[in-house]
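Asks: Chains as they are written, first to last, in our numbering: chain H, 1 to 349; chain X, 1 to 273; chain V, 1 to 418.
FYI, nobody ran anything at the bench for these hints, they're computed from the structure.
Glycine residues also receive a C-beta, built at the ideal position from the N, C-alpha and C atoms.
Errors might be hidden in some of the hints.
[As the list claims (entries may be wrong)] In silico PhoX-like pairs for lysine-lysine, Cα to Cα no more than 20 Å straight-line: (1) H:199 <-> H:163; (2) V:111 <-> H:69; (3) H:55 <-> X:70; (4) H:198 <-> H:55; (5) H:163 <-> H:204; (6) V:126 <-> V:111; (7) H:270 <-> H:69; (8) H:248 <-> H:137; (9) H:67 <-> H:265; (10) H:345 <-> V:111; (11) V:126 <-> H:67.
[Unchecked claim] Quick look at which bits of chain V chain X covers, simulated, 3 or more residues with Cβ under 8 Å: (12) 23 to 33; (13) 214 to 228; (14) 237 to 244; (15) 255 to 261; (16) 375 to 384.
Listed below, chain by chain, are the residues.
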Amino acid sequence: MNRISLLLQTSVLSLAMIVPALAEETLTVTSWGGAYTKSQEQAFFAPYSKETGVKILQDEWDGSTAKLKGMVETGQVTWDVVDVEPGHALQGCDEGWLDEIDYSKLGGKEAFIDGAAMDCAAATIVFGTIYAYDASKFPNGGPTTMADLFDTQKFPGPRALRKAPKTTLEFALIADGVVPAEVYNVLGTPEGVDRAFKKLDTIKKDVKVWWTAGAQPPQLLADGEVLMTTAWNGRIYDAVKNSGKDFKIVWDGQGMDFNLWAQPKGSPHKEAADKFIAYTMNPDVMARQSQYISYGPTLKAAIAKVPADILPDLPTAPENTKTAFVVSAEFWADHDEELTERFNKWLAQ
Amino acid sequence: MNHSLSFTRLFPIVLWFAGSAVVLFLIAPIIAIVPLSFNAEPFFTYPMPGLSLRWYEEFFSSEVWQLALKNSIIVAVCATLLSTVLGTLAAIGLSRPDCPSRATLTAILISPMIVPVIVSAVGIYYAFAAIGLLNTLTGLVLAHTAIGAPFVVITVTATLASFDHNLMRAASSLGATPFEAVLRIMLPIIAPGVVSGALFAFVTSFDEVVIALFIAGSEERTLPRQMWSGVRETLSPTIAAVATLLILFSTLFLATVQCLQRRAERQKLTRTD
Amino acid sequence: MAITLTDEVVRNAVDTAALTRRLRGLRRKGQMRALLLIAPLMFFLLAIFVLPIGMLLTRSVDNSEVALTLPNTVNALASWDGATVPDEAIYAAFAADLKASPREDVAEVAKRLNYYETGMRSMLLKTARTVRNAEASYKDAFIAIDEQWGTPRYWRILKQAMPELTDFYLLAALDMSRNEAGAIAAVAPENAVHVDVLLRTFAVSASVTLLCLLLGYPLAALIARSQGAVANTLLILVLLPFWTSLLVRTSAWVVLLQSRGVVNSALAWLGLIDPSQPLELIYNRIGVLVAMTHILLPFMVLPIYSVMKSIPPVYLRAASSLGAPPLSAFWRIYLPMSMPGVSAGGLLVFILALGYYITPALVGGPRDQMVSYYIAYYSNQVTNWGMAAALSAILLVAVLILYAVYNRIVGIDRLRIG
Numbered sequence: 001m002n003r004i005s006l007l008l009q010t011s012v013l014s015l016a017m018i019v020p021a022l023a024e025e026t027l028t029v030t031s032w033g034g035a036y037t038k039s040q041e042q043a044f045f046a047p048y049s050k051e052t053g054v055k056i057l058q059d060e061w062d063g064s065t066a067k068l069k070g071m072v073e074t075g076q077v078t079w080d081v082v083d084v085e086p087g088h089a090l091q092g093c094d095e096g097w098l099d100e101i102d103y104s105k106l107g108g109k110e111a112f113i114d115g116a117a118m119d120c121a122a123a124t125i126v127f128g129t130i131y132a133y134d135a136s137k138f139p140n141g142g143p144t145t146m147a148d149l150f151d152t153q154k155f156p157g158p159r160a161l162r163k164a165p166k167t168t169l170e171f172a173l174i175a176d177g178v179v180p181a182e183v184y185n186v187l188g189t190p191e192g193v194d195r196a197f198k199k200l201d202t203i204k205k206d207v208k209v210w211w212t213a214g215a216q217p218p219q220l221l222a223d224g225e226v227l228m229t230t231a232w233n234g235r236i237y238d239a240v241k242n243s244g245k246d247f248k249i250v251w252d253g254q255g256m257d258f259n260l261w262a263q264p265k266g267s268p269h270k271e272a273a274d275k276f277i278a279y280t281m282n283p284d285v286m287a288r289q290s291q292y293i294s295y296g297p298t299l300k301a302a303i304a305k306v307p308a309d310i311l312p313d314l315p316t317a318p319e320n321t322k323t324a325f326v327v328s329a330e331f332w333a334d335h336d337e338e339l340t341e342r343f344n345k346w347l348a349q
Numbered sequence: 001m002n003h004s005l006s007f008t009r010l011f012p013i014v015l016w017f018a019g020s021a022v023v024l025f026l027i028a029p030i031i032a033i034v035p036l037s038f039n040a041e042p043f044f045t046y047p048m049p050g051l052s053l054r055w056y057e058e059f060f061s062s063e064v065w066q067l068a069l070k071n072s073i074i075v076a077v078c079a080t081l082l083s084t085v086l087g088t089l090a091a092i093g094l095s096r097p098d099c100p101s102r103a104t105l106t107a108i109l110i111s112p113m114i115v116p117v118i119v120s121a122v123g124i125y126y127a128f129a130a131i132g133l134l135n136t137l138t139g140l141v142l143a144h145t146a147i148g149a150p151f152v153v154i155t156v157t158a159t160l161a162s163f164d165h166n167l168m169r170a171a172s173s174l175g176a177t178p179f180e181a182v183l184r185i186m187l188p189i190i191a192p193g194v195v196s197g198a199l200f201a202f203v204t205s206f207d208e209v210v211i212a213l214f215i216a217g218s219e220e221r222t223l224p225r226q227m228w229s230g231v232r233e234t235l236s237p238t239i240a241a242v243a244t245l246l247i248l249f250s251t252l253f254l255a256t257v258q259c260l261q262r263r264a265e266r267q268k269l270t271r272t273d
Numbered sequence: 001m002a003i004t005l006t007d008e009v010v011r012n013a014v015d016t017a018a019l020t021r022r023l024r025g026l027r028r029k030g031q032m033r034a035l036l037l038i039a040p041l042m043f044f045l046l047a048i049f050v051l052p053i054g055m056l057l058t059r060s061v062d063n064s065e066v067a068l069t070l071p072n073t074v075n076a077l078a079s080w081d082g083a084t085v086p087d088e089a090i091y092a093a094f095a096a097d098l099k100a101s102p103r104e105d106v107a108e109v110a111k112r113l114n115y116y117e118t119g120m121r122s123m124l125l126k127t128a129r130t131v132r133n134a135e136a137s138y139k140d141a142f143i144a145i146d147e148q149w150g151t152p153r154y155w156r157i158l159k160q161a162m163p164e165l166t167d168f169y170l171l172a173a174l175d176m177s178r179n180e181a182g183a184i185a186a187v188a189p190e191n192a193v194h195v196d197v198l199l200r201t202f203a204v205s206a207s208v209t210l211l212c213l214l215l216g217y218p219l220a221a222l223i224a225r226s227q228g229a230v231a232n233t234l235l236i237l238v239l240l241p242f243w244t245s246l247l248v249r250t251s252a253w254v255v256l257l258q259s260r261g262v263v264n265s266a267l268a269w270l271g272l273i274d275p276s277q278p279l280e281l282i283y284n285r286i287g288v289l290v291a292m293t294h295i296l297l298p299f300m301v302l303p304i305y306s307v308m309k310s311i312p313p314v315y316l317r318a319a320s321s322l323g324a325p326p327l328s329a330f331w332r333i334y335l336p337m338s339m340p341g342v343s344a345g346g347l348l349v350f351i352l353a354l355g356y357y358i359t360p361a362l363v364g365g366p367r368d369q370m371v372s373y374y375i376a377y378y379s380n381q382v383t384n385w386g387m388a389a390a391l392s393a394i395l396l397v398a399v400l401i402l403y404a405v406y407n408r409i410v411g412i413d414r415l416r417i418g
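Chain H on its own, in the form it takes in the complex (with noise of 0.2 Å):
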């Protein structure tokens, strides 16, 4: 009964918010959406909200430039703050549709770790491109390198990937023999291109679904749609912190990768937004976010600020690193529009 009276409260309130509501600040952050964007919620965008009565509002991409390079060109931009990937910051740079950084206001350059301050997007997180399974489903030991990812003898099922090149490509060339080290001297090459897609040609039709969104792995594996699935480390980690599931993390070949504050030229909010930016780029404001999602954070500071007992569970934990590849920016700044290209070709035939 007393939800019914609630129902009815809600509803008439929704029909009262019609009415427009008072004008107040606000400020649109696009991210990747889950359990990713739960944790810059908690971390940043509720207590900044809290604390300056900003408005956040939050949309998600899935990272392919268009819908970006649209609104800047058209002039109609609608985000004030991207959550980017490097090579989105090197063609957002070279391209002319992300703004510079001011890195004065941020604690300077030297303040980051190497990489992480690139001149137009400033990192906050460091993630892991990984494999994942349900280990409730392997009685008798699941898989433990990337090859097994790729071996449908060993390992029959269906598999999950991400519907992009980038780590896909690296992942097949890794499973194929190539060293991680050497990854990219080999995909740098019409012939590597090659190998990488005839590796892949190998467990297409084991793919059952590709995702897009990050938020897709934990929920294919806990429907059980697929048995094994590429995935960002944090939302394995989360699904199974947070919903207890038996899902394990295939450290092998991992590609460490950033994540970064981006702004998009001519954004309507870009005073706030350097607010915003700068705000958590505090140490301690920044640590918070590794309690909720197992990310490293990029400020030197900020490194020794974080709880010890998700350290293992990190990218950058000395145990996940040993044959860990880290994702060329430059590489995929040059190449990703042809190779998405080539790559939704390839997945059309």
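We have chain H already, so just place chains X and V on it with the hints.
Replies: Chains X and V alone, transformed into the frame defined by chain H:
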């Protein structure tokens, strides 16, 4: 003889069986999602472990969903008003006995219903980008008016098909201005057609996702747009709750349209009597 | 014999002319009134609907970005023979253009050139970065960046990309391209996807139409045979899905068909399948066909039903009383008489299915996406307006032809909804 007799007896049974199976296919999916919105756990399997209203609470307390609901209502109401006015006027024009090249004009006015929505959406996106209408509710209202108006044209033209234009002549010979004649003679008769056309336009806008996907920003997100990202990423039971509310809503609409049509038919009967 | 014009004849002639004039005036006034009533919606649709689509379609042949960004290069290359290495003037003109253009415009050109030759994009961007700070001799500067600038090849590609109009996109939409000699040829098999996608679009639409017919015809017959409340109830059960949101129906199918969805758990519960080996019903062709058939079925049932309702049952009774067995009565009388409904419903379903995007995107796999998906992909994900426009043009032409056929056979004024 015997053979054909049994066939005659069998035929209705087979037809009933086949027809009911198809009706089941049409209705079952819509019915199946309703109970799942009351599931206590975030899974989509039967049997359900317990009942709860938590997904409805989530819908009514989530800012994102509420913003989407608000936007959808604003856009649908405005687009309905615009397309009803424009569509009714055009239908009256088309139904005048002296309307020239009626077939061609009708074909053009109806075309937004036939042209694949993706083509309209990309075209509108492309054009609106040039004139600054992207990421505005106004842009969304204009686009939805264009795809909603054909429904009004069709329903109103249909009611006008049986309209006796001599009534208008009679009115004007009795001294009524054309405007008065339309308002006092024609409108009351075609009202059911206008209202059901308006309902169609409303539902078309309220359900439209492709154009919204292209021209709406995060602040103009509509309900279907929000559902689309929900279904594409993680199918949370909140979607089932929203779906249930929308099913309720469409049932109400359907009932209204049915009543209107029955009224229109009764009118037709009394007039011919 | 002399012809005499009496006064009466003359007066009559004059009057008839005046009368005709008056009548014609009245008719014109009436026509004007009708057109005036139609005008607001017509102009609105022209502005919001027809014009935008027209603008989009021009992008399928538009190639002005290269010429606009590199005006000096266009002039300089006009007199170049295409076989020898260009002289310093051409290099200088190209350098001047690159220096004068904003970075985003150069990026557009680079992207455009990349369609002709993979790798041109990053090469040109690199060149532009360096040339901005270079001095004469530009020829040396270019060759220092990339030796290929010292051969005619890159310049030929550049020249090929110069004309303001191009058939490049329309050809590409049919998996064809022009080779260096300008002759039309099929593209390499690994790049050929569009014809496949177009054929798939037709195949899926045809299958859905057929399925709708198989399911819709008996249901329509049942409703037409029923009377009173039963017929009404059945009609309402057909109309309810019709009025229900497309996304609701699509999400319902996702819920039903996924591995641990309602269908699979029901089958497992009945012991028909092994719960660890669920049937794969979604993210493949099955899911697309089932969901699309469900969504489009009312568009088939309603027109068939309305035609069947108008077939007098007397005909069938007459046939059987004349000794025709029921099957042959159905085959030779009922079926032909219900054909107008079948063709109306079939065409409508087929036309609507051709443009489907949302449902295949949500319940299909990558090999089930239809042409709409690729239009969205080209415009929304890789910003290739030319390809989006070319595919739109093909889809639009197909739909408009069928629309004309529909108009011819069924008559657009017979289109009824609800």
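Asks: Holds or violated: residue 199 of chain H with residue 163 of chain H, Cα cutoff 20 Å?
Replies: 16 Å, holds
Asks: Is residue 55 of chain H within 20 Å of residue 70 of chain X, Cα to Cα?
Replies: Holds, at roughly 18 Å.
Asks: Is it true that the CA of residue 67 of chain H sits at most 20 Å from the CA of residue 265 of chain H?
Replies: 13 Å, holds
Asks: Do three or more residues from the region 255 to 261 of chain V put their C-beta atoms closer than 8 Å to C-beta atoms of chain X?
Replies: holds (count 5)
Asks: With a cut-off of 20 Å on the C-alpha distance, tell me whether residue 126 of chain V and residue 67 of chain H pass.
Replies: 24 Å, violated
Asks: For the pair supplied as a hint, residue 163 of chain H and residue 204 of chain H, is the alpha-carbon distance within the 20 Å limit?
Replies: 12 Å, holds
Asks: CA of residue 111 of chain V to CA of residue 69 of chain H, is that 20 Å or under?
Replies: 13 Å, holds
Asks: Within 20 Å, alpha carbon to alpha carbon, are residue 126 of chain V and residue 111 of chain V?
Replies: 13 Å, holds
Asks: Examine the region 237 to 244 of chain V: at least three residues should have C-beta closer than 8 Å to a C-beta of chain X.
Replies: holds (count 7)
Asks: Quick check: do three or more residues in the region 23 to 33 of chain V have a beta carbon closer than 8 Å to a beta carbon of chain X?
Replies: Holds, because 4 residues of the region 23 to 33 of chain V bring their Cβ atoms closer than 8 Å to Cβ atoms of chain X.
Asks: When you check the alpha-carbon spacing of residue 270 of chain H and residue 69 of chain H, does it fall within 20 Å?
Replies: Given pair residue 270 of chain H, residue 69 of chain H holds - Cα atoms ~17 Å apart, limit 20 Å.
Asks: Tell me if the straight-line CA distance from residue 248 of chain H to residue 137 of chain H falls inside 20 Å.
Replies: Judged against 20 Å, a Cα distance of about 11 Å means the pair holds.
The structure shown violates the earlier hints numbered 4 and 11.
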